[in-house]
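Chains W and S are the protein sequences, given in the same order.
Using the numbering used here, read the first sequence as starting at 38 and increasing by one per residue.
Using the numbering used here, read the second sequence as starting at 6 and increasing by one per residue.
Be a bit skeptical, because a hint or two may be false.
[Stated by the list, open to error] Which stretches of chain S does chain W cover? Using the computed rule of at least three CB atoms under 8 Å from a CB of chain W, they are:
| id | region |
| --- | --- |
| 1 | 7-21 |
| 2 | 212-219 |
| 3 | 257-267 |
| 4 | 285-295 |
Derived by calculation from the structure, the hints in this document are not laboratory data.
Cβ atoms here follow ideal geometry from the backbone N, Cα and C, with glycine treated the same way.
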Amino acid sequence: MDLRYTDAEQEFRHELRTWLEGVLPDVGPVPDRDDWAARRAYETGWQRQLYDAGYAGINWPAEFGGRGATPTEHLIFLEETERAKAPYVGMNFVGLLHAGPTLIVEANDEQKAKHLPAILRGDDVWCQGFSEPNAGSDLASLGCKAIRDGDDYVVSGQKIWTSFAHVADYCEILVRTNGDVPKHKGISWLIMDMKSPGIDIRPLRTMEGSTEFAEMFLDEVRIPVANRVGEENDGWRVAMTTLSFERGTAFVSEMLQTMELCADLAKLASHITSSAGTAWDDRGLRRDLGYIAAELDALWALTKRNISEAQRTGLVGAGGNVFKLAYTDLRHRLGDVAMHLLERASLSLGDIGELPTGEHMQGRIHAISMTIAAGTTQVQKNIIAERLLGLPKEPKPATKGVG
Amino acid sequence: MDFWLTEDQEALRDGIRSFVDGRFDYETSAEREETEAVIDPATWSELGEMGVFSLRQDGFDTRAAVVAFEELGRGLVPGPTVATHLAAGLIDGAAEGSAIVGLYEPGPDATVVEHAGQVTDLLWVRDDGIARVDPASIAAEPVEHSLDPLSPVSVAAADPSFELIADASASVDARRAGTLLVAASQVGVAAAATDLSNQYAKEREQFGRPIGSFQAVKHLLAEMLTKTEVARAAVHAAACALDDASDDDVDRAIAVAKVMAGTAGIFCGRTGIQVHGGMGFTWEVHIQRCWKRAVVLENTFGSADRHALAVADTLTTQGV
Numbered sequence: 038m039d040l041r042y043t044d045a046e047q048e049f050r051h052e053l054r055t056w057l058e059g060v061l062p063d064v065g066p067v068p069d070r071d072d073w074a075a076r077r078a079y080e081t082g083w084q085r086q087l088y089d090a091g092y093a094g095i096n097w098p099a100e101f102g103g104r105g106a107t108p109t110e111h112l113i114f115l116e117e118t119e120r121a122k123a124p125y126v127g128m129n130f131v132g133l134l135h136a137g138p139t140l141i142v143e144a145n146d147e148q149k150a151k152h153l154p155a156i157l158r159g160d161d162v163w164c165q166g167f168s169e170p171n172a173g174s175d176l177a178s179l180g181c182k183a184i185r186d187g188d189d190y191v192v193s194g195q196k197i198w199t200s201f202a203h204v205a206d207y208c209e210i211l212v213r214t215n216g217d218v219p220k221h222k223g224i225s226w227l228i229m230d231m232k233s234p235g236i237d238i239r240p241l242r243t244m245e246g247s248t249e250f251a252e253m254f255l256d257e258v259r260i261p262v263a264n265r266v267g268e269e270n271d272g273w274r275v276a277m278t279t280l281s282f283e284r285g286t287a288f289v290s291e292m293l294q295t296m297e298l299c300a301d302l303a304k305l306a307s308h309i310t311s312s313a314g315t316a317w318d319d320r321g322l323r324r325d326l327g328y329i330a331a332e333l334d335a336l337w338a339l340t341k342r343n344i345s346e347a348q349r350t351g352l353v354g355a356g357g358n359v360f361k362l363a364y365t366d367l368r369h370r371l372g373d374v375a376m377h378l379l380e381r382a383s384l385s386l387g388d389i390g391e392l393p394t395g396e397h398m399q400g401r402i403h404a405i406s407m408t409i410a411a412g413t414t415q416v417q418k419n420i421i422a423e424r425l426l427g428l429p430k431e432p433k434p435a436t437k438g439v440g
Numbered sequence: 006m007d008f009w010l011t012e013d014q015e016a017l018r019d020g021i022r023s024f025v026d027g028r029f030d031y032e033t034s035a036e037r038e039e040t041e042a043v044i045d046p047a048t049w050s051e052l053g054e055m056g057v058f059s060l061r062q063d064g065f066d067t068r069a070a071v072v073a074f075e076e077l078g079r080g081l082v083p084g085p086t087v088a089t090h091l092a093a094g095l096i097d098g099a100a101e102g103s104a105i106v107g108l109y110e111p112g113p114d115a116t117v118v119e120h121a122g123q124v125t126d127l128l129w130v131r132d133d134g135i136a137r138v139d140p141a142s143i144a145a146e147p148v149e150h151s152l153d154p155l156s157p158v159s160v161a162a163a164d165p166s167f168e169l170i171a172d173a174s175a176s177v178d179a180r181r182a183g184t185l186l187v188a189a190s191q192v193g194v195a196a197a198a199t200d201l202s203n204q205y206a207k208e209r210e211q212f213g214r215p216i217g218s219f220q221a222v223k224h225l226l227a228e229m230l231t232k233t234e235v236a237r238a239a240v241h242a243a244a245c246a247l248d249d250a251s252d253d254d255v256d257r258a259i260a261v262a263k264v265m266a267g268t269a270g271i272f273c274g275r276t277g278i279q280v281h282g283g284m285g286f287t288w289e290v291h292i293q294r295c296w297k298r299a300v301v302l303e304n305t306f307g308s309a310d311r312h313a314l315a316v317a318d319t320l321t322t323q324g325v
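Please construct the entire structure, taking both the sequences and the accompanying hints into account.
What follows is the structure in structure tokens.
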């Protein structure tokens, strides 16, 4: 146990910090959330800059063009980019952290050569076509049908929660290639060119009002068999390999933002007048926020523990589920404290004069999605109970084919 | 950066765990709590021989100490283990376990002292230094029913007669180490409650299957494990801070550890009882002792509430 960084790690941090200080002044302001053309230019432009400087694919193996950094260096990278307010991974997320790593492990040489460098350079944006209206927590029951026709699969069905679908060049898509076998055994993983005819994308407006998500309707979309990654009907396993890439760093940027949000809230409270002086004189508020701040520090420690585990064993294990369960619940509590503090000002999602209502209330709403996305709190609890505590699974109905 | 236990720390943990498992099994706890003297002096000396009280005097760091005290907490070892540890090197016999040194923490309305009938000395961590209090001087009156029978308490009826035995800077160190070692013990209690309840949920059957297969029950256990793991990470991080093996602020890290470990201990104690159902509320089932010990530790070296307020104070004065 020693939380100090080694000389090599410090050197890595120093070089990165120096580079960020040099390039960030010319990056320009963050575009409007719903200005997709401007966002694409901004986010992929930043990816190109990272690429040119040797920081693209920080955690990808060097033989595939990545930096091959250790989990701790990845942590430092995220700390420094957050600290310097560098652009977020944004729409490069699926390519860099999901599709790319899957291709590295499972794709053939031709597929790797075509796609990996384009992801690293920021040339191609990827989206993910996994969830369906009837396949959420039970993802393996997905029914989007792919029928083999010569050298193509003909794909029809519906996908949902497809972030960045309308700006993406490619989609990693899970399709049902066999409906007569147990559900996990009839799925294939395909690369779908988003320019293919038959794709209808409809924005799905979230309760935040953002248009990041989309529903994707596929009507006889032809996807070449050559775009299949892994064997036919082995797509479930291919999709799961992505999980083995997680090194405990998934929430680092978010955690740092949340710590700042928490400190901002305390400072805001000390400027809001109340009958007793300022809102910060309220012992109940200080206590509530103190518990949250304490838990944030503890979760930061847990993040380091998970990253250490990944560095030692190559896997983060169920520590990642423990983290997500606690962290996402905390975000709800932090949001509630903000809402109570702001009182009627919380009814605005934008700033009111000097009051930074926008940051806190948009954060409050966003927190609602966090206990649902990427495995709901209830799914996380099942995983923790079954994998870490070894509790028996809930008896399931007899498995049968789907679709 | 490395958060992993070293091989030496793992060996220390395993050694203490096997000793504690052998000496402080449930039957022994149940027998001791029916007697006047819950601390067995012979076992106390064995703890001394194992180096539990003298660890940091013997050159081990705080990281080793928190690993050791988590195990003492797990075994619900009765007695003022933390105070005796803090007294090692200051009060004769503490390091060896021939003295039983209790903690003197005056309260605003009542000064409640644990094990007053058995302690040889009391340690008082004052702002101006560490004092040795003569236990006879406080004329402690045992209460009729202690919340935790393994931590019998008395109420001081007279002002203490004391002598300062270390300076103010030693007080700062003792308060930091004491708070953290209590937190480590709380993590042990939380872990014990989680283990016991997990085992019970696998064995106990209702509606024809183990209750642990019902999501309503397994979700409680998942929360217990989560609280325990998060608290342990906080305790280990604070130990690194105290050992100068991190850049974190020492006092904030220790307050965080006490908040998280206290919350985990109480939560896991009561949720563990819930998992045990009606049997959990009986005297004969061990889980109830976990909750009781969690309450005792929660009120030693400051409650989670008090430390949460201390953490809150740092929000307006420190960066993130």
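Right, here's what the structure says about each hint:
Note: the region 7-21 of chain S has 6 residues with beta-carbon separation from chain W under 8 Å; the three-residue rule is met and the coverage holds. Taking a C-beta to C-beta cut-off of 8 Å, the region 212-219 of chain S contributes 5 residues in contact with chain W, enough for the three needed, and the coverage statement holds. By the rule of at least three residues with a Cβ nearer than 8 Å to a Cβ of chain W, the coverage given for the region 257-267 of chain S holds, with 7 such residues. Counting residues of the region 285-295 of chain S whose CB lies closer than 8 Å to any CB of chain W gives 0, which falls below the minimum of 3, so the coverage claim is violated.
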